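With these hints in hand, go ahead and build the complete structure from the sequences.
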Amino acid sequence: MAIDVRIPTILRSYTGGAKAVSGAGDNLSELLANLDGTYPGLRGRLITPEGGLHRFVNIYVNDEDVRFLGSLDAKISDGDTVTILPAVAGGAFGLAAAAAVLGR
Amino acid sequence: MARFDSLLDVCGDTPLIGLPRLSPAVPDGAPPVRLWAKLEDRNPTGSVKDRAAMYMVRAAEADGRLRPGATILEPTSGNTGISLAMVAKLRGYRLVCVMPENVSTERIQLLRMYGAEIIFSPAAGGSNQAVATAKQIAAEHPDWIMLYQYGNEANARAHYETTGPELLRDLPTLTHFVAGLGTTGTLMGTGRYLREKNPDVQIIAAEPRYGELVYGLRNIDEGYVPELYDASVLTRRFSVGTRDAVLRTRQLVDVEGLFVGFSTGAVAHAALAVAHEAAKTGRAADVAFLVADAGWKYLSTGAYTGTLNDAETALEGQLWA
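Same order as they appear, the protein sequences are chains P and D.
Per the numbering used here, the first sequence starts with residue 1, numbered consecutively.
Per the numbering used here, the second sequence starts with residue 1001, numbered consecutively.
Treat the hints with care, as some may be off.
What the hints assert, rightly or not - Below, a list of computed lysine to any residue pairs in the SDA-like style, where the Cα atoms sit at most 20 Å apart:
1. P:Lys-75 x D:Arg-1236
2. P:Lys-19 x D:Glu-1316
3. P:Lys-19 x P:Thr-81
4. D:Lys-1135 x D:Ala-1124
Because the hints were derived from the structure by calculation, they are not lab data.
On a predicted model such as this, the values are computed, not experimentally measured, just so you know.
What follows is the structure in structure tokens.
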């Protein structure tokens, strides 16, 4: 058993194009370190230099946002699914367009 | 009272209905776990967005930004445009919507019926193309007003002043509130109100997880978080995929006779998850979730019938929430 990690299109250059990869670790921090060993550079796209989760990255353990589960300390078990997504939320279209018009 | 001076006066005060068949069964004598649905499709244009549209227009009128005959520009993928189109018509404004091609045909027809003008951005370009299109239009028409629902405090305030108080009035024992996360206005406004009245209340977000084509981002730094969003208001946040959203949407009609849009299916999925957790741990719970709209506008997707695989395929690349 391992942890199934879903990679968004924009980060697949780090996984050789793979949509889903396997990783290991007891929490998110360990999992990302483990993945970075196999896919160098991936962790750096998700974590800021200060060590926190990137503002425009959302990570979910079994569909639940890790920011509400302890962020990098979020517990993970074998068999879990971890999904990485860019932060665009449901209103992606309108928000992107409106924010750009306002120069935000 | 069931008599109103105009359509604009009938917004809000929507029914909260129990879902006894969908609520998890608990053993005899165990604390009850009950699911409730707040029917926002019973608003003038059939969605929760009527509340925000009315509040945002009134606020812009009050501060002098909107004057008679003004043109409102709204980049939208759906319900907000329809709500604004109705309010604009009754208040004497012109509405121009910028939207992607990949929204359901009913939404486009409704907008046109209400008198809105639509400018399409190609679906293939995703958000980036929408950004380019909206920017170009705004540059050509600097006098057009954008209400910017993602950062407009009147959006959240509509829910702080109406949705929240209605929920607590109708369900004083409410323990969880679940709603969809788009502009975040519903969850921020309702959540703040409920938390002020009961610090233990759980505010739970469900966001749709679209197929990746919809995002169209080139890199992580192009992400967006609405200015209204304050994570401290939320207790938990779930990402719900198309399959689960469709499954729950069908279950709501099948079990409770409730015909809802797919975003509500996603919300019901999260609501059921917390309700079953409460039942398992033997805690009483009154879980209220918000029905953002009914299913009419999405029938043409074909996703209400056929196999789940077919439905998933039908919604692939569509903005279903």
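For this session: If any of the earlier hints don't hold here, list their numbers in rising order.
Result: none
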